[in-house]
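Chain residues, written in single-letter form:
2 protein chains.
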Amino acid sequence: MSNEIKQMMLNIGQRARQASRAMARASSEQKDQALLHIAKLIREKANEIQRVNQLDVERATLKGQDAAFIDRLTMTPKTIESMALGLEQIVSLEDPIGKMTALQKQASGIELGQMRVPLGVIGIIYESRPNVTIDAAALCLKSGNAVILRGGSEAIDSNTLLAQLIQAGLDAAQLPMDAVQVVTTTDRSAVGEMITMTEYIDVIVPRGGKSLIARLMAEARVPMIKHLDGICHTYIDADADIAMAIKVCDNAKTQRYAPCNAMETLLVNQAIAQQVLPTLCKIYQDKGVELRVDALTRKALEENGFEGLVDATEEDWQTEYLAPILSIKTVANMDEAMSHIEQYGSKHTDAIITNNQAQANRFLREVDSASVMVNASTRFADGFEYGLGAEIGISNDKLHARGPVGLDGLTSLKYIVMGHGEIRS
Amino acid sequence: MSNEIKQMMLNIGQRARQASRAMARASSEQKDQALLHIAKLIREKANEIQRVNQLDVERATLKGQDAAFIDRLTMTPKTIESMALGLEQIVSLEDPIGKMTALQKQASGIELGQMRVPLGVIGIIYESRPNVTIDAAALCLKSGNAVILRGGSEAIDSNTLLAQLIQAGLDAAQLPMDAVQVVTTTDRSAVGEMITMTEYIDVIVPRGGKSLIARLMAEARVPMIKHLDGICHTYIDADADIAMAIKVCDNAKTQRYAPCNAMETLLVNQAIAQQVLPTLCKIYQDKGVELRVDALTRKALEENGFEGLVDATEEDWQTEYLAPILSIKTVANMDEAMSHIEQYGSKHTDAIITNNQAQANRFLREVDSASVMVNASTRFADGFEYGLGAEIGISNDKLHARGPVGLDGLTSLKYIVMGHGEIRS
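Residue numbers (UniProt numbering), protein chains in the order written: chain B, 1 to 425; chain F, 1 to 425.
For the record, the hints were derived by calculation from the structure and aren't laboratory data.
Any given hint could turn out to be false.
One copy or two, either will do: identical chains are not told apart, so a pair holds if it fits within one copy or between any two.
[Unchecked claim] Each computed DSBU-like pair below joins lysine-lysine, with the alpha-carbon atoms no more than 35 Å apart:
{"id": "1", "residue 1": "K105", "residue 2": "K78"}
{"id": "2", "residue 1": "K40", "residue 2": "K105"}
{"id": "3", "residue 1": "K282", "residue 2": "K247"}
{"id": "4", "residue 1": "K282", "residue 2": "K40"}
{"id": "5", "residue 1": "K105", "residue 2": "K247"}
{"id": "6", "residue 1": "K63", "residue 2": "K210"}
Isolated chain B, as found in the complex (with noise of 0.2 Å):
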C-alpha cells in the first residue's frame, strides 16, 4: 500500500474518532434536525444529483459494465425521492442512544443498570449503488456514531456530492462534519487500511456480493457485521395446510427473485408430496423457474406428466441462485429436512409449513439460522418487516447482532453502577 494513501486513511480515522465523541454526545434533536436538512437539501439538489449521477454512469457504461450494474448505479426521480423519504423514516424512528435499563440493587448495595451507547466508528464498504451513502450515514448518524464511507470507485461523483450534502446537514445541525466522511480515492488500498486500523473503526459494515465480503474476511481485523449468504428453506411437514404450503412456497420463491431471504431450496415431506407438488410446480414451472430436483421429486412430479426436470447435484444444495432456479428434495421426515438445513444452510433463514406445534416447537428450537420461521414466507426476514424501521444489512454473524440488524445493532450496551459509598471486602 502506499504510503500515501496509509496516511490519508488514519487521517481520515482521527478526524472520524474525534467527530464520535461529539456525536455520542448529541441530542436527537440535533441529530433529526441533521437528517432532515440532509433530506431538504436531496429534494433541492434533485437535478443536480442526477446531473453528477450521470457522469458516474456513462464512466461505467464506457466501461463495459452490464445493464444489472447500470441499473444499480443510476438513480432516478424516484430513487432520490425515497433517499429523502427514507431520512424521514429514520427521524420518526426512537433514538437508541441514552436508554436505560431498570436499575436492580445488588447484594453489596450497588445499583446495577446497563446504558446504550454508540460504537464509536462504524466504517461502512460497499459497491456501486449511491442510495446507501445515505441509508448507512442516516443509520450511523441517528445511534450516534461516527462513519466513513467507502463506495464503490464507479460511484465516485454521485457519492461525493452526496457526502456534501449531509455534511451540510451537519453542519447546519450544528455538529461536526467529520461525522461523515466518504473516502474520495479509487485506490483500492483505501480499503485494505479500512478493515485493518482497528485504533480508529470500531466495526466494519461490509455491503456487497458474497466475494466482496469473503475478500474482505480474509483481511480484516476490525470486527464486521457482515452478510455472506442466504440459502433459504423451506419444509413442508406432514401435517401442513396444502393450499397455506403452495400459497407460501410460490411466495417465498418467486415474489422476488434476488433479495437474499428467498427460497433456494424446498424440502417435502415425502407423506405429503403427492398432495403439495404437482400444484406447486405447475405454478412455479409457469412463472419459469427451473426445478431441480432429487430421485423421488422427479418420480413424483414425472408420475404427474411433469417434463424439464434437472437432476440436482451436490453444489445445487449449496447454491444460492438469486435467479429463477429451485432445488427440490423430498424427505422421509423432519429430522431429515433438519439435518440437510444443518449441512447446506447458511443460517440465514428457514421456515416450516405445519399445523402441528410440537413439531414447529422443535423446528423453531433445534434450526440454528437468524431467522426460524413457522407457516410464513422467507421473504419476511427484513428489517422493516421485523419493524425495525430501517437495516443497515443482514447479519449471518451469531456475535453481537443476528439476523436484520436496526439502530440496535450499531450500539453497545455499558454497565451502569450508581453507588452511596459502598467498597468491596
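Based on these hints, arrange chain F on the given structure of chain B.
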C-alpha cells in the same frame, strides 16, 4: 504447523461441532445433572487431583518458574472444594437457553420474537490455573455450548485428569463426551490452529495476561471475547463527599492490587485536592503504595510534608500496574478528567465521586467504558458483584458482550416468526 497437529485439531473441532448440536437440545435437567456429577467426582477424587497436580508443580519448579506462577498452578484441598462449589453455584443459575421474548404482532400479521440459543462451540485458551478447566467448561455446558479447552502446557496433567472427570459427568447425564475436550498436546501450534478454524469454533475466549491476548489478536480469524487491560480511574469531583472519597479510593487501590478492576490512576479536582489528598495519600503510603504524581499533586502533598513522591511520566498514565503503585493527577475540572480517561484509559471501569447529580449524569453518559460508576469502588466491576452468578471473563470489546460476561454472553438471540400463512406482497 505440523500437519499432524492440524489434523488433530480439525478432528477435535469436528467432534465439538457434532457434540454442540446435542448440547443445544439438552434439557436443563440433563445439563445440571452433568454438572452435579462432576462436582461429586471432584470431591471423591480430591486426593488424586492433588497427587496429579503435584506432578505439574514439580515439573514447573524444576523449570524454574517463579513463586507466583507455582501459586497459580497449585491445587489445594481448598481450591479443589471451591471448584465443586462453583459447579453447584452454576447449577443454581437459571438456564438461559430457549428463553423467548414476548411475540409482537407486525404489520403483516406475522408474530415476531427472539429466542436465546447457544453460540455453538467455544474455544478457551488459558494459562496456568487448572481451575479454569472446570469453571469455563461449566459455564459453556450450562449455556448449551460445546467447548475446546487449551490450558497452559505446565498444567497438562491436572487438566487431563479434570477433563476425564468432566467427560464422566457428561456421560452420566447421557450427554456427548465430546462436548468438553481438552487439547492434550503441548505443541503451541495447536493454538494457532484453534484461533483460525472458523468452521469449527464460533468464539474464542482467551483468559490470561496482556501478552497472550496481544499474540492471539494478531493472528485470530475466529471472533474473540477478550479482555485486554484495566487502566481504571477514579475522579474525585469538587462536589465529592470527602470521607466517602477517601474510603472508596483507598478500597479501589488497596483492597487487592492484582485484579484488573483495581484503580491505577486517581484524578482529583484541584478545588478539593488539599482537603482530600493528604489524608488519602497518608493511607496509601502507610500501606506501602508508591505514588507517581504530576506537578500540582506534588505541590499539594509536599506542602503537607510528604516525601518519597515519584514524578509521573507519560508512560505512567498508560500503565496497568497491578501492583502497589498509583499515579495521581490534579485536574482543573471534570472535562479535563474525562479527556484524560479518554486518552489513557482502557475502557474497562472508571468512577466518579460526587454529590452533584448533574455531574454524575454527564460522567455516566460521556465516559465510554464498559463499566461507569458513581460513588463506588472500581473493584465492583465483576460478574459475581453484578449478580451474573459467574463470569467467563470481562470484555474490553464493544461488540456482543461488554464488561463482565456471564452465561448470556455465551449465547445469541435468533428471531422467531410465527405466521398463519402470511406472504409478502
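Hints, one by one, checked against the model:
1. K105 / K78: For K105 and K78, only the inter-copy Cα distance (31 Å) is at most 35 Å; the intra-copy one is 53 Å.
2. K40 / K105: This pair counts as between: shortest inter-copy Cα distance 34 Å, intra-copy 47 Å.
3. K282 / K247: within (13 Å within a copy, 79 Å between copies)
4. K282 / K40: Neither way: K282 and K40 sit 49 Å apart in one copy and 62 Å across, limit 35 Å.
5. K105 / K247: Only across copies: K105 and K247 sit 21 Å apart there, 52 Å inside one copy, limit 35 Å.
6. K63 / K210: within (23 Å within a copy, 50 Å between copies)
Checked against the numbered hints given earlier, the structure breaks only hint 4 and satisfies all the rest.
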